[in-house]
Amino acid sequence: MKKLILSSILLLALSLSFTSCRDVKEKAEGATDAVENAADAATDAAGDAVDSAKEAAGDAVDSAKEAAGNAVEGAKEAAGDAVEGAKDMAKDAVEEGAKKVEGTVKDLKN
Numbered sequence: 068m069k070k071l072i073l074s075s076i077l078l079l080a081l082s083l084s085f086t087s088c089r090d091v092k093e094k095a096e097g098a099t100d101a102v103e104n105a106a107d108a109a110t111d112a113a114g115d116a117v118d119s120a121k122e123a124a125g126d127a128v129d130s131a132k133e134a135a136g137n138a139v140e141g142a143k144e145a146a147g148d149a150v151e152g153a154k155d156m157a158k159d160a161v162e163e164g165a166k167k168v169e170g171t172v173k174d175l176k177n
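Positions in the sequence shown are counted from 1; adding 67 to them yields the numbering used here.
Don't take every hint at face value.
Below, computed lysine-lysine pairings styled on PhoX-like, alpha-carbon distance capped at 25 Å [said to hold, decoys possible]:
#1 Lys176 x Lys166
#2 Lys154 x Lys143
#3 Lys158 x Lys143
#4 Lys132 x Lys143
#5 Lys166 x Lys154
#6 Lys173 x Lys154
#7 Lys158 x Lys173
#8 Lys132 x Lys121
Hints are computed from structural coordinates only; laboratory data are not their basis.
Whenever a hint applies, use it, and build me the whole structure from the sequences.
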């Protein structure tokens with residue numbers, strides 16, 4: 068009778084340990100799936116971040132190009148204004164010099 072009870076207890080313990088191993092295996096597979104899903108999500112997020120960075124860099128380049136174009140246009144206008152100013156100053160200087168020469172010539176004639 069003792070052997071029968073001990074054998075029953077031993078069989079019960081073995082059956083529980085097999086069930087327990089099965090549960091552990093299922094939980095491990097569930098954890099593996101969760102890790103794979105998290106890795107996929109992280110990969111997708113990284114791809115989205117790269118795409119966003121590319122788009123932002125493209126926008127920054129476009130803005131820099133536009134600003135450079137505006138600066139060139141501004142420089143052209145400023146140079147044109149400077150040339151016009153120099154022409155006006157030279158014209159005024161020539162006219163003033165001509166008036167002085169004319170005044171000197173009149174003085175010499177008298």
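Quick rundown of the hints versus the structure:
With a C-alpha separation of about 15 Å, the suggested pairing of Lys176 with Lys166 holds against the 25 Å cut-off. Our distance criterion of 25 Å between C-alpha atoms is met by Lys154 and Lys143, whose separation comes to about 16 Å. Among the hinted pairs, Lys158 with Lys143 is consistent with the structure: their alpha-carbon atoms are about 22 Å apart, no more than 25 Å. Restraint check: the Cα-Cα separation between Lys132 and Lys143 comes to about 16 Å, which is no more than 25 Å; the hinted pair holds.
Of the pairs offered as hints, the one joining Lys166 and Lys154 holds, with about 18 Å between alpha carbons and a cut-off of 25 Å not exceeded. Between Lys173 and Lys154 the CA atoms are separated by roughly 28 Å; this puts the pair beyond 25 Å, and the hint is violated. The straight-line distance between the Cα atoms of Lys158 and Lys173 is roughly 22 Å, inside the 25 Å bound, and the hint therefore holds. Only pairs whose Cα atoms come within 25 Å are accepted, and Lys132 paired with Lys121 is accepted, the gap being roughly 16 Å.
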